[in-house]
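Enquirer: Take a look at the letters that make up each chain.
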Amino acid sequence: MTETLVFGDLLDGARAFPRRVALSLDAPHLRLTPAEGDPLDWPVRALRSPPDQAHPTDLVLSLADDPVTRLVIRDRELAERIRATAPALHKRPPLQNTTRLIGWSVASVASVALIIFVLVPVMANQLAAFLPPSGEKALGDTTFEQIRSALDDSGFDPVPICESPDGSAALAKMEARLTENLELPYPLTVRVLDHEMINAFALPGGYVVLFDGLLDVAEDPDEIAAVFAHEIGHVVARDPSRMALRSAGSIGVLGLLFGDFAGGAVVLLLAERLIQASYSQEAEMNADIFASETLAQAGISPLGLARIFERFQELGGDQPTFMDHFMAHPDLMSRIERAQDTHTHADVTPSLNAAEWQALKTICD
Amino acid sequence: MSDALGTEFVGRKGPYFWLSLKTGVLTILTLGFYRFWMKTRLRRYMWSAIRPGGHPMEYLGTPLEKLLGFLVAVVFLAFYIGIVNLILMFASFSLFAGNGAAYGLSFVGILPIIFFAQYRARRYILARTRWRGIRFGLEPGAWGYAWRAALHWLVTIASVGILFPRQVFHLEKYRADRTFFGTQRLHQGGRWQMLFPAMKHLIIAVFLIAGSLLAGQNGDQVAFFSLPLGIGWLGYGAIYFRVESLRLLTDHKTLGDIRLQAAPRAGQVMKIYSVGYLIVYTVVGAGFFALFILLFAGFMAMIGSATQLDETFDIEMIQALSNTPVWLTTILTIMLYFTIFLMWNVLSQVFVGLPLAAHYAQTFSVLEQRHLTDVSQRPRDEFAEAEGFAEALDVGAAI
Chain A
1 MTETLVFGDL LDGARAFPRR VALSLDAPHL RLTPAEGDPL DWPVRALRSP PDQAHPTDLV
61 LSLADDPVTR LVIRDRELAE RIRATAPALH KRPPLQNTTR LIGWSVASVA SVALIIFVLV
121 PVMANQLAAF LPPSGEKALG DTTFEQIRSA LDDSGFDPVP ICESPDGSAA LAKMEARLTE
181 NLELPYPLTV RVLDHEMINA FALPGGYVVL FDGLLDVAED PDEIAAVFAH EIGHVVARDP
241 SRMALRSAGS IGVLGLLFGD FAGGAVVLLL AERLIQASYS QEAEMNADIF ASETLAQAGI
301 SPLGLARIFE RFQELGGDQP TFMDHFMAHP DLMSRIERAQ DTHTHADVTP SLNAAEWQAL
361 KTICD
Chain B
1 MSDALGTEFV GRKGPYFWLS LKTGVLTILT LGFYRFWMKT RLRRYMWSAI RPGGHPMEYL
61 GTPLEKLLGF LVAVVFLAFY IGIVNLILMF ASFSLFAGNG AAYGLSFVGI LPIIFFAQYR
121 ARRYILARTR WRGIRFGLEP GAWGYAWRAA LHWLVTIASV GILFPRQVFH LEKYRADRTF
181 FGTQRLHQGG RWQMLFPAMK HLIIAVFLIA GSLLAGQNGD QVAFFSLPLG IGWLGYGAIY
241 FRVESLRLLT DHKTLGDIRL QAAPRAGQVM KIYSVGYLIV YTVVGAGFFA LFILLFAGFM
301 AMIGSATQLD ETFDIEMIQA LSNTPVWLTT ILTIMLYFTI FLMWNVLSQV FVGLPLAAHY
361 AQTFSVLEQR HLTDVSQRPR DEFAEAEGFA EALDVGAAI
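The listed protein sequences derive, respectively, from chains A and B.
Each step along the first sequence adds one to the number in my numbering, with nothing skipped, and position 342 is 342.
Each step along the second sequence adds one to the number in my numbering, with nothing skipped, and position 92 is 92.
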């Protein structure tokens, strides 16, 4: 042959020393001739090349059933010819460990599910009962301030608290009527926030927070009393404390699972949202039952509960504006029916008189 | 005849950009699960770009073993993190009436596991790296590393950072002395005190900042000038320490009779960082600006068409606009977030990661290389857990 000799570096995988070999491609073999010793014939169909190589022209070759031996070819022309003739250069090695992979996948999904849906909720429920009132209050204080700052969308001040003297007196009267027959773990802290959201919520440590938007849409004091009683139900059940402990546990686990592929934060928030909503279903039901019983005991018409839910619906329960409320409050219709069922024609008096109601409605002015 | 092997670097921005963009998009589309493939492919490219003596390094880790290792880690860590966080939160509010203690404790509690994970990740990466067909390796010793690292950190903190070089030296020695190339054990020589001079720019910066703060308290105008200078100097000091300590530690490493040599320059590394991040910020910023202009133009066009229809522009239009379904705006926001995140990652890989690797590679050489003929193969380290713990905790498993 008159062809000029082409060389490559053979790394035999036994010693860190490259052997210079003369190469000739003569299908079906690539012949490697060392300076001393017998030539090696590599079958062209068994040639493999690792993917994602940085060098644009050099070719690194290996053999299908040999994990360590490598041949580095720098000659462009030969590299091109091998690329053109070798049929399975980029074929991947067969999968290994598939059963172990499936086994551990199932195990990890099961353990995460077990932790998020069983262990963390059970522990949160147990521990919430042992949380000392001062600890719960601290948790509530922190969360309340965080919420005030988070709700403020324009300026730099947290959302103001409304406390006109007459309005506060009316609110205190309503609180007294609702709680006189109740055994509370700690005194309530009732706040009205000057924000147009039509909502109310409870926080750890006896916080009940009403929004001015809710006072605006309510047409009589019993509707507010109903919402108030519902939130007291959450306080008595210590739902907010459970929620806080529970999210402390599950957020970390979810972060672990999704990793940091995109800050992880978005997926985390969505997933956490789902978990909280499903948690709320049962708690909301219990709070409604508690509310209707408390209203009846306090001599206030439980129909307020039905009316305020209807009000939410008239305002368009499916409108995105109220999404925040309804994502946490499931299935309004069935709740209205339940509230109407509990209505008895026993002696009831309005929760506030007309003057007090006016004062409460204008507590933010 | 010099008996030294230099290192060439053949990675290029173009192919690396497309590879990281492609794998980044797939990672986002698969909610993060493609990240094991992404990491494997980027490493394969980067390793093959580094060629001591003209022979490419080879990365042989597989995505599936990373996935498996991650799943194993999740089984153990989910329990630890879920329960421990919950208990810490409870304890912190019961005993300290605040959540600051919980975050602090939770971080301290996870630290030994982070050190453990870092060592395991290094073991995995070395076990899957080959050069000239010979495997690297790291002996088991992750727990020993974890408690040593924890103690060294305590000492460093107690000494207000003065003993930091001691920590850097001893931890590197622990790792290096357990590292193998084939049958040959790596040895870290030198003393920890040799790293002190590498601290000089950090010390200058600390004095500058302290002086500025003092001057500022006395109302001296010079603080306006010297404080930013001090902060800039601190950045340079940190880079200088990293580069210099790496150089000194490498120069004192031996592999049998083979010696290693590194000559990275702090000025060059500083330049790569500043120019690289300037480009990244500019491109991402320009993208942001273009998007803003597009949205603004769209908004103006809507108002324009409304006025043509002889409707008065009033507040209701804004309201109509703000009634765009929440899911739509949410999806748009999430997409925007991911796009920015992706571009940020890809560009910093290409304009900072790649040039840095190039500089470190090109300034690295192997001396007395004739002794490489003494090195022979070591057995494969199966190590099926891979870098799962580091991956799950998001530490030390970066490419």
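Hints are computed from structural coordinates only; laboratory data are not their basis.
It is possible that part of the hints are untrue.
[As the list claims (entries may be wrong)] With a cut-off of at most 25 Å between alpha-carbon atoms, the simulated SDA-like pairs for lysine to any residue come out as follows: (1) 91(A) / 25(B); (2) 91(A) / 26(B); (3) 39(B) / 90(A).
Enquirer: Could you grab the alpha-carbon distance between residue 91(A) and residue 26(B) and see if it respects the 25 Å cut-off?
Expert: The hint holds at about 21 Å.
Enquirer: Compare the distance between the alpha carbons of residue 39(B) and residue 90(A) with 25 Å, and conclude whether the hinted pair is satisfied.
Expert: 19 Å, holds
Enquirer: Does residue 25(B) sit within 25 Å of residue 91(A), going by the straight-line distance between their CA atoms?
Expert: 24 Å, holds
Of the numbered hints stated above, none is contradicted by the structure.
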